[in-house]
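Could you put together the complete structure from these sequences and hints?
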Amino acid sequence: MTYADLTLEQVIQLGIQREIEARELYLSVLARVDEQVVQDVLRELAAQEEGHRRSLQLLLDEGALERRLAASRRPVEDLHLTDYLEETPLDEHADVQQVLIVAGKREATSHALYSVFAKVAADAEVMNLFEYLAAQELEHKQRIERLYDDLFYREN
1 MTYADLTLEQ
11 VIQLGIQREI
21 EARELYLSVL
31 ARVDEQVVQD
41 VLRELAAQEE
51 GHRRSLQLLL
61 DEGALERRLA
71 ASRRPVEDLH
81 LTDYLEETPL
91 DEHADVQQVL
101 IVAGKREATS
111 HALYSVFAKV
121 AADAEVMNLF
131 EYLAAQELEH
141 KQRIERLYDD
151 LFYREN
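Read in order, the letters of the sequence shown are residues 1 to 156 in the working numbering.
Please keep in mind that the hints were generated in silico from the structure rather than gathered at the bench.
Each residue gets a CB set at the ideal place from its N, CA and C atoms; glycine is no exception.
Hints are supplied without guarantee of correctness; some may be wrong.
With beta-carbon atoms standing in for the labels, derived distance ranges [as the list claims (entries may be wrong)]: (1) E44 x E87: 28 to 36 Å; (2) Q13 x Q36: 30 to 38 Å; (3) D149 x A47: 35 to 43 Å; (4) D91 x I20: 17 to 25 Å; (5) D95 x A124: 43 to 51 Å; (6) H93 x D61: 40 to 48 Å.
Here you go:
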């Protein structure tokens, strides 16, 4: 079976699994860091991933998918702030900047993955779902990059 052969339910389950993995990453680092600001950012990112997981779970409910896809047809700007920054593994010494870079890169990877899936999807309905998921990940990346910009690029 290839990604192009996935059913809508399988696509959503894939998205749910990626959100669970992201949340678990943030929580595993949270348990090891001492700095309160970093803990707060990690908690917020973990909560966002849980929200994303719940949203995807709701898509499995009857009728929710079609309404969501119809409502999501707006372009999202990629700020590219974290694209060229060096990613370092998150450990107990991670600071807010490292956490945001890793989070931005994870969202970029998810966006790219879903975009490729959309291009190879054999079914228009599955393609639309992948496009929706790609747009959602780009929105998440944009939110992280705006926070990064506020914290590290803007003059006070």
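Hint check:
no., hint, in the structure
1, E44 x E87: 28 to 36 Å, "19 Å, violated"
2, Q13 x Q36: 30 to 38 Å, "36 Å, holds"
3, D149 x A47: 35 to 43 Å, "21 Å, violated"
4, D91 x I20: 17 to 25 Å, "21 Å, holds"
5, D95 x A124: 43 to 51 Å, "45 Å, holds"
6, H93 x D61: 40 to 48 Å, "42 Å, holds"
Violation of the numbered hints given earlier is confined to hints 1, 3; the remaining hints are satisfied by the structure.
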